[in-house]
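As a plain string of letters, each chain reads:
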Amino acid sequence: GDGGAVPAVPAAAGRAQVFSTVVDTFLEKLVTAGSYPRFASCYRCFYKLQPQLTRSIYDQFISQLQSSIKEEIQEVKNEGNLEGLFNSLDKIVEEAKDREEPAWRPSGIPEEDVRSALVPYLLKHRSYLRKVLREKEEENRKVAKSVLAGRDRIAELQQLIQARKQAWQ
Amino acid sequence: MSVDPMAYEAQFFGFTPQTCMLRVYIAFQDYLFEMMLVVEGVILKKLDAIPGCQISPSQIRKCTEKFLLFMKDHFDKLFGRMEEVLLQLVLNIPRNVLLPEDKVHEQYPYSKEEFQALQQELQQLQQQCRAETAAGEALRAELEEQKVVMGELEKILQWFNGLENICREHGTGNFKESFAFLTQNSKKLQDVLKDVVEKSKKMEQHEQLL
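For the record, the sequence lines run as chains D and L. If you're matching positions, the first sequence starts at 1 in the numbering used here and goes up one per residue. If you're matching positions, the second sequence starts at 1001 in the numbering used here and goes up one per residue.
Extracted from the complex, chain L is given alone in its bound form:
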């Protein structure tokens, strides 16, 4: 029969029951021996005080040994029984009992694979969160850009609206047409100007040659 190390009990009590019993046994035994020595000492002292006493110390020593042997024998037997009862009934945790501090082990009996799967799931979730954060930032950045662009475009549109309002206000019916006409005229003027500049250059050259 293998010796029960009573490790679970040790977890609860903070000491191994067998160790506790051993300590108590040794202490009790020490007291027994001590007391016997005291008894012997007292008897020897009393004998000294009696004049003409025939009893030798070695006789007394034999008496002490006899009594001690007897006591020790009973002591061991009785202590053995006491220890048995204490280890069975008092200093033990029944098989079906789970200490409250160990509740998690019954609630979450995860095997190595299940545990690793859980860890991987967590890693995945973290990655997904990071991805969503990045996507969110990109979206918000575009939103900001859009604001700027829309602002510019709306300004331009407003400018156009402004022009049309001016036309309407000043009753210039086909301002657009005259504006178009003007643009064409200014183009013609530019061409004429170019001609003149060329011609005057040629004239200068002729003068120099002359």
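Chain D extracted, bound-state conformation:
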């Protein structure tokens, strides 16, 4: 056999393309290995009797095997929505291409990981509370001013009334 571990696909090929190519290559090489001469040599006794039949049986065998394998691959792709996922992943990888450091990965401890997920909500809540507090404080400042003014006014009225009372004694 040959050595080729990685098929020569252009760097720009997406995952879906690589997937197809790799499966096709696999099939190709399998069929090449299970060649007709090989088949005929294994079934030599029958081949000598019925060479044409041997050929036709082989052709059917290979064709059936290939279509079964292709069908299975298609089923796997459909079930897992692989085409869509491959394209998404290609995009995500492309977007991260300028980034060198390893990215975050789940720590395996749910409590740790869920913290970061909650933080945005807590931050939103915090800015909301700060706003409400500011508004209440402002409002209370205004009302407090009115209350102080009221107290002054009441003291004033009381003084006036005292003065009148005295004048009438």
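Derived from the structure by calculation, the hints contain no laboratory data. On a predicted model such as this, the values are computed, not experimentally measured, just so you know. Even glycine gets a Cβ: it sits at the ideal position worked out from N, Cα and C. Certain hints may be false.
Computed list of lysine-lysine pairs in DSS-like fashion (alpha-carbon distance at most 30 Å, straight line) [as the list claims (entries may be wrong)]:
{"id": "1", "chain 1": "D", "residue 1": "K131", "chain 2": "D", "residue 2": "K142"}
{"id": "2", "chain 1": "D", "residue 1": "K97", "chain 2": "D", "residue 2": "K77"}
{"id": "3", "chain 1": "D", "residue 1": "K29", "chain 2": "L", "residue 2": "K1066"}
{"id": "4", "chain 1": "L", "residue 1": "K1077", "chain 2": "D", "residue 2": "K131"}
{"id": "5", "chain 1": "L", "residue 1": "K1072", "chain 2": "D", "residue 2": "K70"}
{"id": "6", "chain 1": "D", "residue 1": "K29", "chain 2": "L", "residue 2": "K1103"}
{"id": "7", "chain 1": "D", "residue 1": "K97", "chain 2": "L", "residue 2": "K1103"}
{"id": "8", "chain 1": "L", "residue 1": "K1066", "chain 2": "D", "residue 2": "K142"}
Pulled a few chain L residues facing chain D out of the computed Cβ check, cut under 8 Å [claimed, not checked]:
{"id": "9", "residue": "G1014"}
{"id": "10", "residue": "C1020"}
{"id": "11", "residue": "F1028"}
{"id": "12", "residue": "C1063"}
{"id": "13", "residue": "F1075"}
{"id": "14", "residue": "Q1128"}
{"id": "15", "residue": "A1135"}
{"id": "16", "residue": "E1142"}
Negatives, chain D to chain L, calculated, CB over 10 Å [to be verified]:
{"id": "17", "residue": "A12"}
{"id": "18", "residue": "R15"}
{"id": "19", "residue": "Q50"}
{"id": "20", "residue": "P51"}
{"id": "21", "residue": "P110"}
Keeping the supplied structure of chain D fixed, place chain L upon it in accordance with the hints.
Positioned in the frame of chain D, the structure of chain L alone reads:
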């Protein structure tokens, strides 16, 4: 070398890549065996139709086994290579790639302490809000009370103003003085009345004794 569980890939694809490959391997292998059995079956049937045939079924079985062994060998090698490529290039997420759904973890890498501090800050803010609300209610309550009190006081002041206006209108110059005089007189009258009542009581007592 430890086996990479490919958990992050599983998170994205919804299956573990290795599991997927295994399933495909088993399926392909099954087809291969199936096809070989079919081939053998067809050959045996054809042999049956040939009169005076010398070839025994066990011979055919040996042929099948030979071919199958050969196929299986190549199949395993080729599948192994295919699996390697797929796991490396297709069914994998590079180290530097972060899935969009995990963006929060990079944006907000809060440690346990930072997280708790944030929670405490929220509690504090909530308490402060409650305090301000209570203060606001107290202030507004006092404001209401003040309204009532001011109303009463203003009424009294108005009453006084009213009195003075009456005096001015009726030209009674020192109405205040005469009012004061009246109040004193009425006091004197009350004292006199008290005397009279006492004296008449004493008189009654004397009459009874008599």
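Here's how the hints hold up against the structure:
A C-alpha spacing of about 17 Å is found between K131 (chain D) and K142 (chain D), which places the hinted pair at or below 30 Å, so the restraint holds. For the suggested pair K97 (chain D) and K77 (chain D), the alpha carbons sit about 26 Å apart, so the restraint of at most 30 Å is met. At roughly 19 Å between alpha-carbon atoms, K29 (chain D) and K1066 (chain L) fall within 30 Å of each other, so this suggested pair holds. Between K1077 (chain L) and K131 (chain D), the direct Cα distance comes to roughly 67 Å. Violation of the 30 Å bound is thereby established for this hinted pair.
For the proposed pair K1072 (chain L) and K70 (chain D), the alpha carbon gap of about 18 Å is at most 30 Å, so the pair holds. Between the alpha carbons of K29 (chain D) and K1103 (chain L) the distance comes to roughly 43 Å, so the proposed pair goes past 30 Å and is violated. With a CA separation close to 16 Å, the supplied pair K97 (chain D) and K1103 (chain L) stays within the 30 Å bound. The straight-line distance between the Cα atoms of K1066 (chain L) and K142 (chain D) is roughly 98 Å, outside the 30 Å bound, and the hint therefore fails.
The closest approach between the C-beta of G1014 (chain L) and any C-beta of chain D is roughly 7 Å, which is under the 8 Å cut-off, so the hint is satisfied. Interface hint at C1020 (chain L): satisfied, since its Cβ lies 7 Å from the closest Cβ of chain D, which is below the 8 Å cut-off. Look at F1028 (chain L): its Cβ gets to within about 6 Å of chain D, closer than 8 Å, so that hint holds up. The beta carbon of C1063 (chain L) comes within 5 Å of a beta carbon in chain D, closer than 8 Å, and the hint placing it at the interface holds.
Taking 8 Å as the C-beta cut-off, the interface hint given for F1075 (chain L) holds, the closest approach to chain D being about 6 Å. Because the closest C-beta pair between Q1128 (chain L) and chain D is about 5 Å apart, less than 8 Å, the hint holds. Interface hint status for A1135 (chain L): upheld, as the beta-carbon distance to the closest one in chain D is roughly 6 Å, under 8 Å. Hint status for E1142 (chain L): holds, given a least beta-carbon distance of 5 Å to chain D, under 8 Å.
With a cut of 10 Å on Cβ distances, A12 (chain D) stays outside the contact zone with chain L, its closest approach being about 13 Å. For R15 (chain D), the condition that its CB be more than 10 Å from all CB atoms of chain L is violated, with the nearest at approximately 5 Å. Listed as outside the interface, Q50 (chain D) is inconsistent with that label: its C-beta sits roughly 7 Å from the nearest C-beta of chain L, within the 10 Å cut-off. Distance check on P51 (chain D): its Cβ is at least 12 Å (rounded) from any Cβ of chain L, clearing the 10 Å threshold; non-interface status holds.
For P110 (chain D), the non-interface assignment is confirmed: its Cβ lies about 13 Å from the closest Cβ of chain L, beyond the 10 Å cut-off.
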